[in-house]
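Undergrad: Chains as they are written, first to last, in the numbering used here: chain U, 3 to 246; chain P, 531 to 749; chain B, 6 to 223.
To be clear, the hints were calculated from the coordinates, so they are not data collected in a lab.
Nothing false has been slipped in among the hints.
In silico DMTMM-like links for lysine to aspartate or glutamate, alpha-carbon gap of 20 angstroms or less: (1) B:Lys-127 with U:Glu-53; (2) U:Lys-28 with U:Glu-61; (3) B:Lys-127 with U:Asp-73; (4) U:Lys-28 with U:Asp-66.
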Amino acid sequence: MIRVEKVHKSFGTLDVLKGVSIDVDKGEAVVLIGPSGSGKSTLLQCINGLEPIQRGRIEVDGTDVFAPQTDLNVLRRRIGIVFQQYNVFPHLTALGNVTLALRKVLGKGRAEAEAVAMRQLERVGLGDKSHCHPGTLSGGQQQRLAIARALAMEPGYMLLDEITSALDPELVGEVLTVLRDLRADGMTMLIVTHEMDFARDVADRLAFFDDGLIVEAGPPAELFDSPKTERLQLFLRRLTQQRT
Amino acid sequence: MKYDLRFWVVWEAAPDLLRGAQVTLLIAVATMVGGLVLAFPLAIARRRDHGLLRSGAAAWVEAARNTPCLFQIYAFYFGLGAFGIFLDAWAATSLALLFNNAGYTAEILRGGLAAVSPNQMKAARSLGLTERHAYLAVIVPQVLRIVYYPLTNQFIWSLLNSSLGAIVGLTDLSGVAMVYQSSTFRTFEFFLVIGAIYFLMAKGVLGLARVSAWRLFRY
Amino acid sequence: MQVQVFSGLAPNDLLLLARGAWMTVLMTLAACAIGTLLGVLAGLAKVALGPTLRAPLDAATDALRSVPLLVQLTLLYAGLGILGLPLNPFTAGAIGLSLYAAAYIGEIVRGGILAVPITLRKAARGLGLTRRQEYVHVVLPVGLISALPAWIGVLVGVVKDSAIAAVIGYIELLRTAQIIITRTQEPVIVLLAAGVFYFVICYPVSQLGARLEARFKL
Numbered sequence: 003m004i005r006v007e008k009v010h011k012s013f014g015t016l017d018v019l020k021g022v023s024i025d026v027d028k029g030e031a032v033v034l035i036g037p038s039g040s041g042k043s044t045l046l047q048c049i050n051g052l053e054p055i056q057r058g059r060i061e062v063d064g065t066d067v068f069a070p071q072t073d074l075n076v077l078r079r080r081i082g083i084v085f086q087q088y089n090v091f092p093h094l095t096a097l098g099n100v101t102l103a104l105r106k107v108l109g110k111g112r113a114e115a116e117a118v119a120m121r122q123l124e125r126v127g128l129g130d131k132s133h134c135h136p137g138t139l140s141g142g143q144q145q146r147l148a149i150a151r152a153l154a155m156e157p158g159y160m161l162l163d164e165i166t167s168a169l170d171p172e173l174v175g176e177v178l179t180v181l182r183d184l185r186a187d188g189m190t191m192l193i194v195t196h197e198m199d200f201a202r203d204v205a206d207r208l209a210f211f212d213d214g215l216i217v218e219a220g221p222p223a224e225l226f227d228s229p230k231t232e233r234l235q236l237f238l239r240r241l242t243q244q245r246t
Numbered sequence: 531m532k533y534d535l536r537f538w539v540v541w542e543a544a545p546d547l548l549r550g551a552q553v554t555l556l557i558a559v560a561t562m563v564g565g566l567v568l569a570f571p572l573a574i575a576r577r578r579d580h581g582l583l584r585s586g587a588a589a590w591v592e593a594a595r596n597t598p599c600l601f602q603i604y605a606f607y608f609g610l611g612a613f614g615i616f617l618d619a620w621a622a623t624s625l626a627l628l629f630n631n632a633g634y635t636a637e638i639l640r641g642g643l644a645a646v647s648p649n650q651m652k653a654a655r656s657l658g659l660t661e662r663h664a665y666l667a668v669i670v671p672q673v674l675r676i677v678y679y680p681l682t683n684q685f686i687w688s689l690l691n692s693s694l695g696a697i698v699g700l701t702d703l704s705g706v707a708m709v710y711q712s713s714t715f716r717t718f719e720f721f722l723v724i725g726a727i728y729f730l731m732a733k734g735v736l737g738l739a740r741v742s743a744w745r746l747f748r749y
Numbered sequence: 006m007q008v009q010v011f012s013g014l015a016p017n018d019l020l021l022l023a024r025g026a027w028m029t030v031l032m033t034l035a036a037c038a039i040g041t042l043l044g045v046l047a048g049l050a051k052v053a054l055g056p057t058l059r060a061p062l063d064a065a066t067d068a069l070r071s072v073p074l075l076v077q078l079t080l081l082y083a084g085l086g087i088l089g090l091p092l093n094p095f096t097a098g099a100i101g102l103s104l105y106a107a108a109y110i111g112e113i114v115r116g117g118i119l120a121v122p123i124t125l126r127k128a129a130r131g132l133g134l135t136r137r138q139e140y141v142h143v144v145l146p147v148g149l150i151s152a153l154p155a156w157i158g159v160l161v162g163v164v165k166d167s168a169i170a171a172v173i174g175y176i177e178l179l180r181t182a183q184i185i186i187t188r189t190q191e192p193v194i195v196l197l198a199a200g201v202f203y204f205v206i207c208y209p210v211s212q213l214g215a216r217l218e219a220r221f222k223l
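The whole structure should be built from the sequences, with the hints applied where relevant.
TA: Okay, structure coming up:
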């Protein structure tokens with residue numbers, strides 16, 4: 003499981019996380035929602051050590067992420083992460099993107115790496131694009147490629163940071179479909195998203211972030227239908243205003 | 531091996547060197563301003579889809595950018611001689627640099643114009659501004675910001691390249707140094723000093739540009 | 006106004022021009038090769054080194070780009086003479102032109118590497134790649150490829166700037182042209198030939214660079 007305990011993080015003088023605690027159990031899908039700049043994406047990048055924290059503790063399967071003896075490169079094999087944009091390596095083919103880490107990090111041979119890679123590419127619906135360069139792929143295809151690349155490492159956890167936010171609306175669906183399939187396969191996921199319908203469907207638990215803290219958390223139905231805090235009520239009201 | 535570096539020889543030539551530096555600056559400024567003036571019609575002509583103006587402008591710009599600056603100086607200095615026009619080093623260098631600067635600057639301006647989204651114009655016109663007013667109030671200020679440092683670099687580049695005029699006898703900073711080194715044989719000393727002077731001039735221009743930018747572009 | 010075109014030129018002059026052109030090509034190739042090598046190393050060093058170690062590199066780059074090439078070559082040639090290592094004009098010119106090109110290429114390489122999007126690098130680290138692997142397999146390829154159009158621009162500049170090596174006695178195309186013109190008073194044909202030569206080399210290459218730049222902007 004992922005355990006985040008009272009984590010504080012700042013960028014210079016700007017406090018981004020002000021004492022965040024949350025757990026993600028094996029097999030759970032936890033979705034983080036909240037206004038921009040509330041710290042959700044930053045938390046994700048702290049979990050696999052891409053961003054340092056100033057106070058608190060993050061544990062993945064019992065390993066303290068920020069302990070000096072922790073080998074982050076080894077830890078990161080267990081955690082897959084996908085970002086909002088500029089994910090995929092433009093100078094490699096789709097197949098090359100997926101096999102790079104398989105060969106360099108896991109030490110697999112070329113043939114084995116390519117076999118694993120093709121399986122994942124087919125899983126996300128890019129089987130026929132294996133020899134294409136990302137420049138020729140749509141945004142949705144690139145994101146699916148990024149997901150396949152992370153999945154190929156067979157991680158125990160997937161961190162998904164607003165992966166549809168930079169996509170044209172008609173491409174969002176294909177990526178969310180992949181995520182739903184992933185969920186159905188039982189992957190443990192920590193997702194940051196603005197797609198509320200998706201959040202309601204997929205999340206086992208929802209956490210509402212605002213200004214560096216988790217203000218409210220619980221099952222999605224509870225948060226959406228009967229928000230307890232005023233800030234969440236305000237946030238949800240603004241969302242529905244957008245829809246009408 | 532020459533152990534003794536005699537810089538005092540350079541010091542004695544200081545008045546002439548300063549005069550040479552003046553020539554350098556004068557030519558650089560004049561050809562940059564002139565080049566900028568010529569560059570506007572060139573840039574606009576190149577943005578057209580087809581026609582004689584576009585081809586003519588393209589020919590100018592591509593000739594300027596794909597032949598050596600020294601070649602262009604030779605073209606004016608020697609080439610016009612065949613037509614009975616004998617230019618002195620000063621005129622030839624100035625015209626060549628003018629031609630050169632116009633070409634490069636036109637490309638910089640073209641890039642700047644292209645970088646401003648056409649939506650800006652549409653938005654301005656939608657508000658009721660005339661085309662002329664829209665250009666002056668909306669497009670040109672944005673283009674100015676985009677092209678400011680490329681133009682500064684272009685100016686510094688032409689300042690440094692004016693030294694090529696010395697090859698045809700121009701008495702700019704390099705020309706004066708060349709004359710003196712041929713009589714004193716203190717090539718190293720002279721060129722070290724003028725190298726430093728060029729460096730200071732270039733830095734001076736850059737500093738001036740930065741200060742001006744800060745004043746011009748404060749929002 | 007009489008335009009004199011056919012007088013004074015001998016077939017031998019064509020040979021001289023050809024030789025001059027060849028000298029230009031040699032100088033260009035040498036300076037491009039050495040300049041690129043030095044420039045890439047300098048660019049990588051500027052990214053990798055801390056501010057204190059980087060300072061001399063930055064200062065050298067600054068000097069090389071703020072002083073006319075004519076002055077640099079003359080200084081180099083005279084300086085080598087003083088040090089008792091008189092090199093021939095080709096070698097001195099190649100060294101001077103290489104350093105000049107390297108200054109620009111170094112900045113281009115540095116810029117290209119620094120421009121690699123941060124999420125691309127995080128994606129690489131997130132997959133478990135070590136810092137070294139991240140650099141070798143992601144940052145360097147992407148950074149260098151994005152620097153390609155600007156690098157091509159520098160190469161075109163070297164072709165043109167090779168003409169300046171004439172001041173230290175390297176008889177390349179333009180100097181040869183000038184010599185022939187002074188002797189035969191036949192400027193138009195000679196200049197035309199020289200101009201066409203430079204244009205035919207520079208224009209296609211800069212067009213290639215422009216097309217690459219457009220492709221990368223996508």
